[in-house]
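Student: Here is what each chain is made of, one letter per residue.
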Amino acid sequence: MRKIFQIALGILAAIGGFVDIGDLVFNIEAGAQFGYQLLWVVVVGVVGIIVYSEMCGRVAAVSKRPVFDAIRERLGFGVGLGALASSQVVNLMTLAAEVGGVALVLQLLSGLPYRALIVLGIVALAVVIWVSPFEWIERIFGYGGLALLVFAVAAIKLHPNWGDVAYGLVPHVDTPDKLVYAYFAVGLLGAAMTPYEVYFYSSGVVEEGWTPKDLGLNRANALIGYSLGGFLSFALMITAGALFLPLGIEPEFIGTVALGAQVPLGQIGLILALVGILFAVGGAAIDTCFSGAYNVAQYFGWEWGKYRRPAGAPRFTVAWVVLLVLALLVIMSGIDPVMLTEYAVIFSVVALPLTYLPVLLVANDRAYMRSHANGRLANTFGLIYLVVILVVAVSAIPLMFLTHQGQG
Amino acid sequence: MRQAEDLDLGLGLLDHQLVDSEGRRCGNVDDLELEGIAEGAPRVAAILSGPPVWRGRGRLGRLAAWIVPGDTVRVPWEEVEKIESAVELRKTCRELRLGRGDDRARRWVERIPGA
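Read top to bottom, the protein sequences are chains P and A. Residues in the first sequence are numbered from 1 upward in steps of one, following the numbering used here. Residues in the second sequence are numbered from 1001 upward in steps of one, following the numbering used here.
Take these hints with a grain of salt, some might be off.
Stated by the list, open to error - Across the chosen pairs, the derived CB separations fall in these ranges: (1) P/R308 - A/R1097: 15 to 25 Å; (2) A/P1069 - P/W130: 24 to 34 Å; (3) A/R1090 - P/R308: 19 to 29 Å.
Stated by the list, open to error - If you want the ones that stay clear, here's a sample from chain A, every Cβ over 10 Å from chain P, calculated: (4) P1076; (5) E1078; (6) G1114.
Unchecked claim - Sample of chain A residues facing chain P (criterion: CB under 10 Å; computed from the structure): (7) L1018; (8) W1077; (9) E1084; (10) S1085.
Rather than coming from a laboratory, the hints here were simulated on the basis of the structure. Glycine is no exception: its CB is placed at the ideal position from the N, C-alpha and C atoms.
Model the full structure from these sequences, guided by the hints.
Tutor: This is how it looks when you write it as structure tokens:
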């Protein structure tokens, strides 16, 4: 019973933790521009992250090796270093965007100046990371993020045409702006399959000392946590499609996202939406920051881990502190967090194959995985998604230029 | 040391994590020192770890070795206890002079309250 309770708690935290600033931006913008037409891409993205995060978790539980160990072992020093550099650039951009998002929400809630709130936000994140145990961080931000469920209520209250919503689950293109449509499809896939999620998750599996006995839990986490997280993505896109599209609003601010809950539900909707965004984006900022530190420590073989005290893994500690400081500098420059988010997601898509190919290879290595190597199902999906990822990686940057970041 | 099964040096050893006798992570297998190649009976003499070793690991490796300071640490093959997904060593990292970057950084991090 206690175990079931624990699993439920973990999954709740995963739902709240799924949505980050990339999901917010791309789901809302896609809904505002194309209504429900791109809902099917969310399904494709969620299945993809389920497939690969299950694989990463399994590799970590069986071999005790997190994702970046596998990347260096399979790609070698040189290509591995390229993968590290690109993932760190994307991590830093994402982290800076999330911090900017936190500051914007705090500004809407308090009315204080934006730059002061950036500093406050960074300091608050650093203190939370320094003093709180790992589980607490996960739980607090995960549960807080559940306030985003207000968008599910908002979506229903807005009385969307459910026939159109259902049709959105069937891939179809019904627009003259085919390139913009493709740009948002790529962005939604990238937002759902963000690699920092698997860096973070697999490192957590090693930190918590999971063994092959925990593979059931790993599967449940991936399957249920991400499906329900995808449900939140649906709610966001349907809200935007039902509200912003008919009014011709192009959401360019984080605050516009919260409007989606305020219009149908009033003040309480607005508050819940802002609190949900604050916790979801704040939690994602911590995950991203840790991912960066995990990656560099694992690549170079340093001691790492949040379960050790900061002095137990000193270079790892220095790494996350440096990342936070760099993110502070980037976002203080005044760059728009929403634009930064789009760049981060699109660049992360380009680097996706460098993360997922080594994982697929290691998950198939029987010397490594013994009887827990990929079965036919995992390999079929793994290969299909590898092809999808390659296509998307090649087309991401051209689409970004051709559509001027989705402006047409 | 693994004896019963074959070990692919490129896949199963190179670039893997080094773990000392106390379970501390202390660097990676950056390169291998082989001997007996001329005699036709090659064997691994030592594991090499540290920034100068990266010079032999491609163009990016040369660049990284040029930027990052540090010494080469040579771990004789006799010190290898077991090869799993990580390479487990028989001694502590201090005895083997591994993981000194973490030791240096610890002196700074320790000063912060709560560390």
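Student: Against the earlier hints, flag every one the structure doesn't satisfy and list their numbers going up.
Tutor: When the structure is compared with the hints, numbers 6 and 8 turn out to be violated.
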